[in-house]
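J.: So you can see what is in the structure, the chains are spelled out below.
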Amino acid sequence: GAGVSQTPSNKVTEKGKYVELRCDPISGHTALYWYRQSLGQGPEFLIYFQGTGAADDSGLPNDRFFAVRPEGSVSTLKIQRTERGDSAVYLCASSKQGWSEAFFGQGTRLTVV
Amino acid sequence: GQNIDQPTEMTATEGAIVQINCTYQTSGFNGLFWYQQHAGEAPTFLSYNVLDGLEEKGRFSSFLSRSKGYSYLLLKELQMKDSASYLCAVRDLTNTGKLIFGQGTTLQVKP
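Residue numbers (our numbering), protein chains in the order written: chain V, 150 to 262; chain L, 497 to 607.
Excised from the complex, chain V in its bound form (with noise of 0.2 Å):
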């Protein structure tokens, strides 16, 4: 496509639930980063993709957060037992390579209550 794209755009649930964050990415970006935003806060770097494996995910805050990219396009980032401290921008970016310039998608806003 033209740009990164993630659905949903917004997503409220409940405290205790299963979630999944989708990110399309640009076409040929074989990068691919996940990063977490709070109110007033710079983006945090949560996983890296390089191709279909998890290149570094040692930003991802515990064990109920999972990503995959089984092709090498597509990545799903789940979460799981959500908590209320979950609620955040999640962005998705791509890049040709790691080294190169990458571009965000519009986030998807999620909401734990």
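Hints are supplied without guarantee of correctness; some may be wrong.
[Stated by the list, open to error] With beta-carbon atoms standing in for the labels, derived distance ranges:
#1 L:T509 / V:G165: 46 to 54 Å
#2 V:V262 / L:R562: 23 to 31 Å
#3 V:S158 / L:E551: 31 to 39 Å
#4 L:K572 / V:Q190: 26 to 34 Å
#5 V:S249 / L:K577: 35 to 43 Å
#6 L:G511 / V:F215: 47 to 55 Å
#7 V:E163 / L:E573: 43 to 51 Å
#8 L:S523 / V:L188: 21 to 29 Å
#9 V:G189 / L:V546: 23 to 31 Å
#10 L:Q604 / V:E250: 33 to 41 Å
Please keep in mind that the hints were generated in silico from the structure rather than gathered at the bench. By construction, the Cβ of each residue, glycine as well, lies at the ideal position given by its N, Cα and C atoms.
Following the hints, put chain L in place on chain V, whose structure we already have.
T.: Below, chain L without anything else, positioned relative to chain V:
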């Protein structure tokens, strides 16, 4: 550790020039980026510096001093649409290309 500092808020007048500073202390350095983010929108790339000096791109310029751990973004001929958050980010030394962001500077441009 990783620490990137920028002012939280700035105000400037339409048509003027504003400089947004960023200082960083990171365990590794492989380039500094500036992104613009309008409220509720995605960050968009503005500039990239990896060597010391000034990079100019239209109304926007960015400066880097690696020895001082310092960068600034200069916006000239300010327009109302420049009201946004400006994010300073450092790319670390690993081959992942991941960015470490500052908290962002909210710029308000007034008529």
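J.: Determine for every hint whether it applies to the structure shown.
T.: Hints versus structure:
{"no.": "1", "hint": "L:T509 / V:G165: 46 to 54 Å", "result": "holds, 50 Å"}
{"no.": "2", "hint": "V:V262 / L:R562: 23 to 31 Å", "result": "violated, 46 Å"}
{"no.": "3", "hint": "V:S158 / L:E551: 31 to 39 Å", "result": "holds, 33 Å"}
{"no.": "4", "hint": "L:K572 / V:Q190: 26 to 34 Å", "result": "holds, 28 Å"}
{"no.": "5", "hint": "V:S249 / L:K577: 35 to 43 Å", "result": "violated, 27 Å"}
{"no.": "6", "hint": "L:G511 / V:F215: 47 to 55 Å", "result": "holds, 50 Å"}
{"no.": "7", "hint": "V:E163 / L:E573: 43 to 51 Å", "result": "holds, 49 Å"}
{"no.": "8", "hint": "L:S523 / V:L188: 21 to 29 Å", "result": "holds, 27 Å"}
{"no.": "9", "hint": "V:G189 / L:V546: 23 to 31 Å", "result": "holds, 29 Å"}
{"no.": "10", "hint": "L:Q604 / V:E250: 33 to 41 Å", "result": "violated, 27 Å"}
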